[in-house]
Amino acid sequence: MAERSDEVKLLGMWASPFSRRIEIALTLKGVPFEFSEQDITNKSPLLLLSNPVHKKIPVLLHNGKPISESLVILEYIDDTWQNNPILPQDPYERATARFWAKFVDEQIYVSAMKVVGKIGEERDAVVEATRDLLKSLEKELVGKDFLGGKSLGFVDIVATLVAFWLMRTEEIVGVKVVPVEMFPEIHRWVKNLLELGVIKKCYPSRR
Amino acid sequence: MADEVILLNYWPSMFGTRTMIALAEKNIKFDYREQDLFNKSSILLEMNPVHKKIPVLIHNGKPICESLIQVEYIDEAWPGKNPLLPSDPYQRAQAKFWGDFVDKKVYGPTRLIWGPKGEEQEAGAKEFIEMLKTLESELGDKVYFGGETFGYVDIALIGFYSWFDVLEKFGNFSIELECPKLIAWAKRCVKRESVAKSLPVSEEITKFVPELRKKIGIE
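Protein chains in written order, with UniProt numbering: chain A, 1 to 207; chain B, 1 to 219.
Note that these hints are calculated values from the structure, not bench results. Treat the numbers as computed from the prediction; the structure is a model and nothing was measured.
Once the Cα atoms are required to be at most 27 Å apart in a straight line, the calculated DSSO-like pairs of lysine-lysine come out as: (1) A/Lys135 <-> B/Lys104; (2) A/Lys135 <-> B/Lys52; (3) B/Lys133 <-> A/Lys43.
Chain A with its partners taken away, still in its complex shape:
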């Protein structure tokens, strides 16, 4: 549980959409934290000690105790600091939110990573596959301001990976994976995100 003299430290990387999720959640909850930028090409003893199993960022250190894996960390934050809830209260809605979060990480992200590594016809095929997955997200957004409904929730925070990593990476890779004509709901949702103070703070328009 949260204590008065909480010491909260995030081992992360500014370019990582996974560590950015944690920044958003902590900012939303108003939890002050120290950000420690990690070098993944030369892993720090603190990172190796804190996440000996996966040796990956992000790691949240709360009063010295480490928590790894971004989805696990988000739920820990929501359980520990209960103001501005991220997950809904109802068990069924919670299960649905967890389902979409897993979908973003295990399907969309995995597919989008292949886009980065491929060229030519092979790339066209993975772009198509990624779009097929994004269609599920597009459908989820119909009639909603956010994936969480009226306000920013768990799935929105997780899916910032699509809004600010995938949709900015596509400029670098040189192929529009999420064109507005095909995904009007996703583009509307990104606009809604950009109006939020917490997103402006954690995802400045360019870095």
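Model the placement of chain B on the given structure of chain A, informed by the hints.
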């Protein structure tokens, strides 16, 4: 109102086994519906349109997909009797970390072990034993992964136990020699009624895997 609980499953699945154990721990009666994965039913396609996979838990008409999400849902929808996840946020996060570890690191290598023979199979066997050792070291001298009480991480892993014999046969290793404490843990788990009545019989899995290899064209 009486709860209507339906489980769409395929009997050899280590994932569906988890959901069955969680339901049994909470003493919830459910309607089990065996699915043919080579000829998917309209109810499966309708209830899990995204992945079209078992297990699907249907509670009063509403579907929940992904086995660990189902286990957590069961714990949240029927709180009280036999809690499966700890209430302390840190302990809870640790349990979820290890459940996720089983899905990300243990399942993949098992597919390689009973897959086509060759380098991949050897790599799978090595990886599988290494991951089990990591889990064994997390278990340490505890009775269950969560300590004294059976819970989430035990449920996440024990579904693989029925597959151990066939994996040993294909992978040419002995799990008991490599991870004796983990085997002692598994034997403790199967003494629980919820586990005993949900786990597929090992001998049947051992017969099933060669048939599956033929069916999907490996042999």
